[in-house]
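Engineer: The listed protein sequences derive, respectively, from chains L and S. Taken in order, the first sequence gives residues 272 to 470; the numbers are from our numbering. Taken in order, the second sequence gives residues 272 to 470; the numbers are from our numbering.
Don't take every hint at face value.
Same chains, same label: a pair holds when it works inside one copy or across any pair of copies.
Listed below are the simulated EDC-like cross-link pairs for lysine to aspartate or glutamate, each with C-alpha atoms no more than 16 Å apart in a straight line [claimed, not checked]:
#1 451 to 368
#2 451 to 319
#3 331 to 417
For the record, the hints were derived by calculation from the structure and aren't laboratory data. Quick caveat: nothing in here was measured; it's all calculated off a predicted structure.
There are 2 protein chains.
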Amino acid sequence: MDKSADSPYPIHDLLRQRWSPRAFDDRPIEPEKLRSLFEAARWAPSLDNGQPWRFLVARKEEQAEYDRLFNCLVPGNQKSAYRAPVLMLSVAQLQFEDGSPNGHALHDTGMAVENLVVQAAALGLVAHQMAGFRVDQAREVCQIPEGYEPVAMIAVGYPGDPVLPSDRLRAGEPQPPVRKPLTELVYSATWEHPFPLFP
Amino acid sequence: MDKSADSPYPIHDLLRQRWSPRAFDDRPIEPEKLRSLFEAARWAPSLDNGQPWRFLVARKEEQAEYDRLFNCLVPGNQKSAYRAPVLMLSVAQLQFEDGSPNGHALHDTGMAVENLVVQAAALGLVAHQMAGFRVDQAREVCQIPEGYEPVAMIAVGYPGDPVLPSDRLRAGEPQPPVRKPLTELVYSATWEHPFPLFP
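Just chain L, with the same shape it has in the complex:
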């Protein structure tokens, strides 16, 4: 459990998101660790156990596959992800198997991705999600069928050293994250009425 100045209530170490470094080390991810990331996503809960999440994945050594994903990124994200040994694209299945719409597809895909991110943290990896990619291009080059929605590109790898003088990413390192206070996030059963535990 971690308790720091900006986290007044203790939460599990794994969940304490620190600033997510954008600089990656270029060493590969061990296959067994990569497998565990998807296994963690697999066990997320979902509405009616629909499991609407899908992942397109490429390692850098699979050059053509990697480039197919990498080339969809907008230039700023290419700059921050270029060292990441693994790129993924999360995709949500918008219908259940019987064809009825799944209004929780994006929500449940988020739950699976968060499991993946948390498992990455448990393995010493960082997973950096990016919404800045060309969705139509991804649909086309990755052959994503109708009924599935590309959600986020995810760069995964070991953290790099952002303070290397030679590292051109240095200037782009984000600041430590800030979060809204709980009084703005948690209400009683009436909107914006304070919940007694967060007066």
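Following the hints, complete the assembly by docking chain S onto the known chain L.
Structural biologist: For chain S alone, coordinates are given in the frame of chain L:
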């Protein structure tokens, strides 16, 4: 790390979702544990740090507030949640603060909720999400404004004993969960082409 028959690759104990019991013990949740649940949600990542998640919460001792949420549940879910000491409603903010649409609002709310669910597991609690509630009624009685979408009711508490002969929930206990194999969830950068680690 846990490795079981249906989880061929090790994942962190916290993430290994077992079957989520629907029977709750009626003992209250300690205030410090309840605070930690929301603190965990607070630290989830989100697109442009938009933090679109909100939570409406009531403890059973806050009877009017609790009933406001409970009465929105469909009868089947009232039956399984009636002992839970805490009810929540997750809500997604569909726009950024500047009014532009946030297409990742549901996804990012899912990530925050998963943090909450995992923190619950770390504290010996169970959190059971339910999509079966009357959304329009929740909007009205909880005074949820335009631009916010009610997502899921969440019953939280200590697990109950589903094998008590007197427990009328017994017959309703779900089976252990099943999950799709990873070969159906993870592809290379081309749709439905196998990723080499999951041949």
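Engineer: Hint by hint, note whether the structure agrees.
Structural biologist: Against the structure, the hints come out as follows:
In this assembly of identical chains, the alpha carbons of residue 451 and residue 368 lie at most 16 Å apart only when taken from different copies (12 Å versus 38 Å within one copy). In this assembly of identical chains, the alpha carbons of residue 451 and residue 319 lie at most 16 Å apart only when taken from different copies (13 Å versus 32 Å within one copy). In the homo-oligomer, the alpha carbons of residue 331 and residue 417 never lie at most 16 Å apart, since the shortest distance is 28 Å inside one protomer and 45 Å across protomers.
The structure fails hint 3 only (numbered hints given earlier).
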